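There are 2 protein chains.
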Amino acid sequence: MSQSIDIAVIGATGTVGETLVQILEERDFPIGTLHLLASSESAGSSVPYRGKNVRVREVDEFDFSKVQLAFFAAGPAVSLSFASRATDAGCSVIDLSGALPAEKAPQVVPEANAQVLAGLKKPFQVSSPSPSTTTLAVVLAPLMDLLDLQRVSLTASLAVSAQGREAVSELARQTAELLNVRPLEPKFFDRQMAFNLLAQVGKPDEQGHTLLEKRLVRELRQVMARPSLKISVTCIQAPVFFGDSYSVTLQSASEIDLAKINAALEDAPGIELVEAGDYPTPVGDAVGQDVVYVGRVRHGVDDLSELNLWLTSDNVRKGAALNAVQLAELLIKDLL
Amino acid sequence: MSQSIDIAVIGATGTVGETLVQILEERDFPIGTLHLLASSESAGSSVPYRGKNVRVREVDEFDFSKVQLAFFAAGPAVSLSFASRATDAGCSVIDLSGALPAEKAPQVVPEANAQVLAGLKKPFQVSSPSPSTTTLAVVLAPLMDLLDLQRVSLTASLAVSAQGREAVSELARQTAELLNVRPLEPKFFDRQMAFNLLAQVGKPDEQGHTLLEKRLVRELRQVMARPSLKISVTCIQAPVFFGDSYSVTLQSASEIDLAKINAALEDAPGIELVEAGDYPTPVGDAVGQDVVYVGRVRHGVDDLSELNLWLTSDNVRKGAALNAVQLAELLIKDLL
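Line by line, the protein sequences are chains A and B. Just so it is clear: in the first sequence, position 129 is 129 by UniProt numbering, and no numbers are missing. Just so it is clear: in the second sequence, position 101 is 101 by UniProt numbering, and no numbers are missing.
There may be inaccurate statements among the hints.
You can't tell identical chains apart in this list, so a pair holds if it fits in one copy or across any two.
What the hints assert, rightly or not - In silico EDC-like pairs for lysine to aspartate or glutamate, Cα to Cα no more than 20 Å straight-line:
1. K203 x E61
2. K260 x D28
3. K230 x E255
4. K121 x E329
5. K52 x D257
6. K52 x D278
7. K230 x D303
8. K122 x E329
9. K66 x D303
10. K260 x E206
11. K260 x D148
12. K260 x E275
13. K187 x D28
14. K203 x E275
15. K230 x D148
16. K214 x E103
17. K333 x D190
18. K230 x D302
19. K66 x D334
20. K214 x D302
21. K121 x D6
22. K122 x D88
23. K104 x E275
24. K52 x E103
Hints are computed from structural coordinates only; laboratory data are not their basis. These figures come from a predicted structure and were not determined experimentally.
So here's chain A without its partners, still in its complex pose (with noise of 0.2 Å):
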């Protein structure tokens, strides 16, 4: 039995894909052959690893019979391609584009129902939710005992590297137009972005709905195992680049103890509970960090049986690439 797989990292030149492939190198993931792959237009660029620049390959034209594992960050579409090739081949995969079917591909956050995994025969596909799912999920695990919990209201303001290095470069574009007070020509966005805020990220369906709230809703009760679960989201774009925040409010159907929450919240993985009076900020907390940061516990203005938190995390670290990495070390000892 070999002691190192043989992997392939599918959207390497993304933002998370990245980032997924400095997480792999920062916790020696026991790799033999690391393959990055992207779609045609990204490929031929070449990605860090280990100390050497690995060339990025067309996906297409890969044997996916030469890994045992792929991690699929390339978006839906490519996941839709390729990913059933994959298992085809014998190959494994942890998908990060959500488009897989919950029945072939449960949604996983360590944190929360690691215990999904175990049912899992290679070669398997299993689905590593949005950033906004795992690090609510994240929070949310260890406080499900000690709530009767009715609803979850939350407020998502994301940042705008969730929607890759073009809206990042929008955003400074944008602040340094409006600084030199010359004409602001929005390209990325479809308007002002800089010192405002996009109430909608996405088109909204006919109900109004965009898909990120859609798929947050649907992931976080799989994860869960709360498929009736209320769920009341709305998803804005802040102008941060990196880390996204949550305003969160949970309803409960009895009083709340909240040196209980405390106390959960401080013994759970995967989460750094700040300090009363303190809150934690996408800037000067999260970014490049492996956890969530909780701050602001409290009830709600007279009402124990409400509990609210905010929360910020690495969208594409904690919430997508790590979550993804995690998951490929709890499944590693079925892939060696």
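We have chain A already, so just place chain B on it with the hints.
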């Protein structure tokens, strides 16, 4: 009976006071003599009114019997020191500080509870609520008959201008420093405000609630005449210069008819409803406007008894100064 009244504006050099003077001029409010007042630090400067620069004098030395109405826009301490002195001298008071007790100075938003004004006898004291209360009350008022309202959950993303000119300069300065890769030195804010979100505006109490959050709950219950309405609130500071935004979820005991909600919002005074699929932004819509912009009107994701809204309004203008002037317009017949 005179066709004009003499007026004092206290806090005339602040962002709200200056806007208030501007709105009095724009709306041709029938003013005999306008007295501009401020604390000793700000006295001596001047503020433009009808083509002239009006000198700002010290409030300590002012004889309130010279005016029939005084707007207090200088903060809680000044209102607590001088509002009674004004009414004792026969001068009615419109207070924007939130410091006067509700029994003496009821909170009023013309679009929501103008009927309260009928009970006032001069010299009266009336409160113009916080920008958040004003904005929410304008929008909730026309919906109350269409909902069996159980709870309001909201995250308010506040502009830095609510904290005055220093906060505005600091956001600009911090942003320029970061774009020029110079070391960041927070002064007004205790940490990086540019490209960041601060989850707490002001110091929290023992329970973790800020004054702003408690004020909003208290005032909104009063204006809506719903003393035990459940209101979940988090106020955060966004890197936005002007214009507050609100992500709002309303829970009703029964199914909500969206067509009726939209029709009511369309007809209501003080509201601009943007078309379905679009959304308003603070910078692009609200700033400088006399209405609250409403968008993203939708049910919950598979919850028809939930109503979600996105609101944005000019916090200085619609949220504060204009509301006070609207109150004066409704009350002037009693003062002439």
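How the hints compare with the structure:
In the homo-oligomer, the alpha carbons of K203 and E61 never lie at most 20 Å apart, since the shortest distance is 33 Å inside one protomer and 58 Å across protomers. With identical chains, the CA atoms of K260 and D28 are never at most 20 Å apart, being 36 Å at best within one copy and 59 Å at best between copies. In this assembly of identical chains, K230 and E255 lie within 20 Å of each other by CA distance both inside one copy and across copies; the values are 19 Å within and 15 Å between. Only within a single protomer do K121 and E329 lie at most 20 Å apart by alpha-carbon distance; the minimum there is 16 Å, versus 74 Å between protomers.
Proximity of K52 and D257 under a CA criterion of 20 Å is satisfied in neither setting, with 52 Å inside one chain copy and 61 Å between copies. In this homomeric assembly, K52 and D278 never come within 20 Å of each other (Cα to Cα): the closest approach is 42 Å inside a single copy and 47 Å across copies. In this assembly of identical chains, K230 and D303 lie within 20 Å of each other by CA distance both inside one copy and across copies; the values are 19 Å within and 8 Å between. Proximity of K122 to E329 under the C-alpha cut-off of 20 Å is restricted to the intra-copy arrangement: shortest distance 15 Å within a copy versus 74 Å between copies.
For a Cα distance limit of 20 Å, the shortest separation of K66 from D303 qualifies neither inside one copy, at 58 Å, nor across copies, at 47 Å. Taking identical chains as interchangeable, the C-alpha atoms of K260 and E206 lie at most 20 Å apart only when they sit on different chains, with a minimum of 17 Å there against 42 Å within one chain. In this assembly of identical chains, K260 and D148 lie within 20 Å of each other by CA distance solely inside one copy; the values are 14 Å within and 34 Å between copies. For a Cα distance limit of 20 Å, the shortest separation of K260 from E275 inside one copy, 15 Å, qualifies, whereas the shortest one across copies, 45 Å, does not.
With identical chains, the CA atoms of K187 and D28 are never at most 20 Å apart, being 40 Å at best within one copy and 42 Å at best between copies. Only between protomers do K203 and E275 lie at most 20 Å apart by alpha-carbon distance; the minimum there is 14 Å, versus 38 Å within a single protomer. Taking the shortest alpha-carbon separations for K230 and D148, both the intra-copy value of 13 Å and the inter-copy value of 18 Å come in at or below 20 Å. For the identical chains of this complex, K214 and E103 are intra-copy neighbours only, at 17 Å inside a copy versus 46 Å across copies, given an alpha-carbon limit of 20 Å.
Taking CA atoms no more than 20 Å apart as the test, K333 paired with D190 passes in neither setting, with 47 Å inside one copy and 47 Å between copies. Proximity of K230 to D302 under the C-alpha cut-off of 20 Å is restricted to the inter-copy arrangement: shortest distance 9 Å between copies versus 22 Å within a copy. Proximity of K66 and D334 under a CA criterion of 20 Å is satisfied intra-copy only: 17 Å inside one chain copy versus 87 Å between copies. Taking CA atoms no more than 20 Å apart as the test, K214 paired with D302 passes between copies only; the shortest distance there is 10 Å, against 31 Å inside one copy.
Within a single copy, K121 and D6 get their C-alpha atoms as close as 18 Å, which meets the 20 Å cut-off; across copies the closest is 83 Å, which misses it. Within a single copy, K122 and D88 get their C-alpha atoms as close as 11 Å, which meets the 20 Å cut-off; across copies the closest is 84 Å, which misses it. Neither within a single protomer nor between protomers do K104 and E275 lie at most 20 Å apart by alpha-carbon distance, with minima of 41 Å and 39 Å respectively. Taking CA atoms no more than 20 Å apart as the test, K52 paired with E103 passes in neither setting, with 39 Å inside one copy and 73 Å between copies.
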